[in-house]
Amino acid sequence: MSVSFSLENDTLIVAGKLDRFTLGAPTCYRFPVTTGDITLDLSQVENTDTAGLAWLLKLIAHYQLKHQISIINQPQQLLALASISNVLELLPLKNDTRS
1 MSVSFSLEND TLIVAGKLDR FTLGAPTCYR FPVTTGDITL DLSQVENTDT AGLAWLLKLI
61 AHYQLKHQIS IINQPQQLLA LASISNVLEL LPLKNDTRS
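The sequence shown: position 70 = 70 (the UniProt record's numbering), numbered continuously.
Among the clues, some could well be false.
[To be verified] Estimated spans, in silico, between C-beta atoms of each pair:
id, residue 1, residue 2, range
1, Q76, V33, 18 to 24 Å
2, A25, L57, 17 to 23 Å
3, S4, H67, 18 to 24 Å
4, K94, G24, 15 to 21 Å
5, E8, K66, 15 to 21 Å
[What the hints assert, rightly or not] Calculated lysine to any residue pairs in the SDA-like style (CA-CA distance at most 20 Å, straight line):
id, residue 1, residue 2
6, K58, I13
7, K17, L79
8, K17, K66
9, K17, D37
10, K17, Q74
11, K58, L42
12, K66, T22
13, K58, I72
14, K94, N9
15, K66, D37
16, K58, T22
Hint data in this document are derived by calculation from the structure and do not stem from the laboratory.
Predicted, not measured: the structure shown is a model, and the values here were computed from it.
For glycine and all other residues, C-beta sits at the position ideal for the given N, C-alpha and C.
Given these sequences and hints, build the entire structure.
Listed below in structure tokens is the structure:
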């Protein structure tokens, strides 16, 4: 399964696998146009690897140029990768409980 997006109000739902096998297509880097602040919902992400983490950081950087952004429903696998990659603090997690 490839990665897909759907924009519902101010929530961008990301679905599919975020890995090196699915993120090679140029369409993965054509992010939807938004007009306001955005919430990334990752509840439908099935799998992620370091390529998926890098892609997510690119997505965040894209939207942070003009909008406030937050992430909800982040998979534990993604958090573990971000932690061992020392980039966890770059993820704008909503209801962030990290100390």
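(Q) Would the hint linking K17 and D37 be met if the CA-CA limit is 20 Å? (A) violated, 25 Å
Q: Take the C-beta atom of A25 and the C-beta atom of L57, compute their distance, and say whether it sits inside 17 to 23 Å.
A: Once the Cβ atoms are compared, 18 Å apart, the range 17 to 23 Å for L57 and A25 holds.
Q) Between K58 and T22, does the CA-CA distance stay at or below 20 Å? A) Distance ~15 Å between K58 and T22 Cα, so the pair holds.
Q) Are E8 and K66 spaced within 15 to 21 Å by their CB atoms? A) holds, 19 Å
Q.
For K58 and I72, compute the direct alpha-carbon distance and say whether it is at most 20 Å.
A. holds, 17 Å
Q.
Run the distance test for K94 versus N9: straight-line Cα separation, threshold 20 Å.
A. The given pair, whose Cα atoms are some 17 Å apart, holds under the 20 Å limit.
(Q) So if I understand the rule, the pair passes when the alpha-carbon distance is 20 Å or less; does K17 with L79 pass? (A) holds, 15 Å
Q) Taking only the CA atoms, is the gap from K17 to K66 under or equal to 20 Å? A) violated, 27 Å
**Q.** K94 paired with G24, Cβ distance criterion 15 to 21 Å
**A.** 29 Å Cβ-Cβ, so the 15 to 21 Å window is violated.
Q: Given the hint that K58 pairs with L42, test it: the Cα-Cα distance must not exceed 20 Å.
A: Given that 20 Å is the threshold and the Cα spacing comes to 15 Å, the pair holds.
Q) If you draw a straight line from the CA of K66 to the CA of T22, is it 20 Å or shorter? A) violated, 27 Å
Q) Under the criterion that the straight-line Cα-Cα distance not exceed 20 Å, is the pair K66, D37 satisfied? A) Cα-Cα ~8 Å, so holds.
When the structure is compared with the earlier hints, violations turn up for hints 1, 4, 8, 9 and 12 and for no others.
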